[in-house]
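Those sequence lines, one after another, are chains R and C. Going by the numbering used here, the first residue of the first sequence is number 1, and it counts up by one from there. Going by the numbering used here, the first residue of the second sequence is number 1, and it counts up by one from there.
Please keep in mind that the hints were generated in silico from the structure rather than gathered at the bench. Here a beta-carbon is modelled for each residue, glycine too, at the ideal position from N, C-alpha and C. One thing to keep in mind: the hints can contain errors.
[As the list claims (entries may be wrong)] Label pairs and their calculated CB-CB ranges:
no.	chain 1	residue 1	chain 2	residue 2	range
1	C	Asp108	R	Asp300	30 to 40 Å
2	R	Lys321	C	Gly126	35 to 45 Å
3	R	Met194	C	Thr113	36 to 46 Å
[Said to hold, decoys possible] Residues from chain R that face chain C, not an exhaustive set, calculated with beta carbons under 8 Å:
no.	residue
4	Ala214
5	Lys248
6	Ile265
7	Asp385
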Amino acid sequence: MDENKDAARRAYRLTRRRFLAASSAAALAACAPAATPGPGGASVVPTATPGPPLKIGMLLPFTKVYAELGNSMQRATKLYLKQKGEALANRPVTVVYEDEANDPVVGAQKTQKFIDSDRVDLMMGIVATPIAYAVRNAIDSAKLIFIETNAGGNALTRTTTNCTPSCKSKYIFRTSFSSYQISYPIGEYFATQMGVKEVFTFVADYGFGNESAADFTSGFTKGGGKITGSLKAPLGSADFLPYVTQIKAQNTKDIYSFFSGTDAINYIKAWTQLGMPAAGYKMNGAGFLTEQDVLKEVKDQANGATTSLFWAVTLDNAENKAFVDAYQKEYTMLPDVFAVQAWDGMQAVDLALQAVKGDTNNKDAFIAALENVKFKSPRGDFEFDKETHNPIQDIYIREVKVQSGQAVNTIVGKVARVTDPGK
Amino acid sequence: MTPETAVVQALNGISFGALLFILAAGLSLIFGMMDVVNLAHGAFYMLGAYITLTVVQRTGQFWLALVLAPLLIGALGLVIEPLLLRRLRGRHLDQVLLTIGVSLVIADLVGLTWGREIRSIPFPAGLDHAITILGGDYPVYRLFVIAFGGLLAVVLAVVHRRTRVGALIRAGVDDAPMLAALGVDIDRLFATTFAVGAALAGLAGVIAAPVFGIYPGMDVDYLIYSLVVVVVGGLGTLSGAVAGSALIGPADTFGKVLVPQFALALIFAVMALVLLLRPTGLLGRIRIAR
């Protein structure tokens, strides 16, 4: 009940603030000369003068375990703006970076700061799904346009009962993925294209890991496969040896996993230590299991793992080559998938802004422009699903191979134009 | 669970327990002597792991790190005690707050120095293979961790019971003011204790680095484990640290495989149960309120 009261109070405060802002703007307009005549009264071409500044609030983790994901997205954002002369659609851009510290409470506070004191024109970022869910209502009621650049929880772009744990909003777009997109297609692909009959699932026991296992299971069983068992490990399980010992004690050879970062590294090392490849077991999973941050640490130990994602650094298209080159030149390191997600967030905003000639005050027009953007991303063709605001994208099936001493994800298959079912 | 799997899981649990012992021994030592719960213990552990990363990257010598990291972190402890903690001696809560501050500074400096990427190092040469136990592969490194933890427990026990330093520590734990009145340089004893405790945390960081990875936030994760171990075992005694880790390591491992949905909560449930039955921990002594 208190939450409702609070929400009402917040809405009231916003309305009052809006009113003040609107009325003062009107007063200013009244004082200003009706038009801006050039010297001697001749009209000038408007493109030469920069428009009003555009303020973007970027909420990313810069501390705790996801800090490097935040750094990566910040690098991509800065690179994009540098290439565009620090302006989008003729509006000079300032980005306010805030640290969400992988904590929903902190995330909510920083979002409120963007809304109330920074008064940003639009907001981007957020790595962890619980934080995205926690700020969804505040963003929706403030009518703040928000581009999610990582968190993949299905509910953020879906219609759900009572909006639990979250639900789509017309103000929220996502340039990353939904967990359905990186889990369901590979399930179906395994059953129908690779002839896999049985799979055992082993995922991180939290919202995203559970969604990934459920989506993989429905895709795999729909294609005729059978799930023989499952195991879950809490997020941040220090020791993976007990789990891998359990996996080795059962007979299904194909394992589907969702882990990322440190968990993925510890899992893969425990896997090698127990001699799983020699015993005939095969590691598979959602793409983050073998992304660059993991591969550069485990090297050839993940050899042969098959995973699915919407991008790989080796992906062969002109946009990806240009992106990887520019990123490498600027930072002397390879970009990762998180950089691509932030990069595409900036691209989508840039194109939509151009379509509305830089006007972010007319929210409906800006939303419509975002819904209509279509571009070539480093991942391939990118567009938003108008229903959900989640991307429609190709999903690649990738296998880890060691090429000239380096472990890389090589593309072995593709599921074209995957879109989230939306409910 | 087949008997073979159960034996392998028991080994997993014992090796995790052995690592927890190396980690918790220093925390317990410092608390026993100085009555300070050193919340920077996790940060010392983290520092040990990151020093290992650099040493292994530069020289490829894991064993060099095993010597170097504890020495460096011990030296750091030798500086921190007189510089910071000594000023607040007797004010226990203030000292604990101070150690939180120290841990935040160290964790941030680690981030600035080494970056915030997740890292990992290979197993040291010679310990990177597996041997056959009950028809299945078992990693040698885990057996090494068990042996190392056991050896360390023996060495610490001998030092504690049979040497002059051990006698001073036992006396200091019992009654530090009386020890000072007898003419023992208590400042030096405290600084040494803190340094040794910090060095043990660093040592745990080295041993854990190849298994559990190196990442921002590892300090807090393992501080919690070490606190659980010393609270369960009994604060401030070496045998308590042994008992605590011997219970928590296997409990964590078997909890993960038998009741996976309670895996994280299980060790805390064990802690609560132990505290209900024995408020001083398994082998804790009743402390005289001061």
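Here is what the structure says about each hint:
{"no.": "1", "hint": "Asp108(C) <-> Asp300(R): 30 to 40 Å", "verdict": "34 Å, holds"}
{"no.": "2", "hint": "Lys321(R) <-> Gly126(C): 35 to 45 Å", "verdict": "43 Å, holds"}
{"no.": "3", "hint": "Met194(R) <-> Thr113(C): 36 to 46 Å", "verdict": "45 Å, holds"}
{"no.": "4", "hint": "Ala214", "verdict": "16 Å, violated"}
{"no.": "5", "hint": "Lys248", "verdict": "7 Å, holds"}
{"no.": "6", "hint": "Ile265", "verdict": "5 Å, holds"}
{"no.": "7", "hint": "Asp385", "verdict": "32 Å, violated"}
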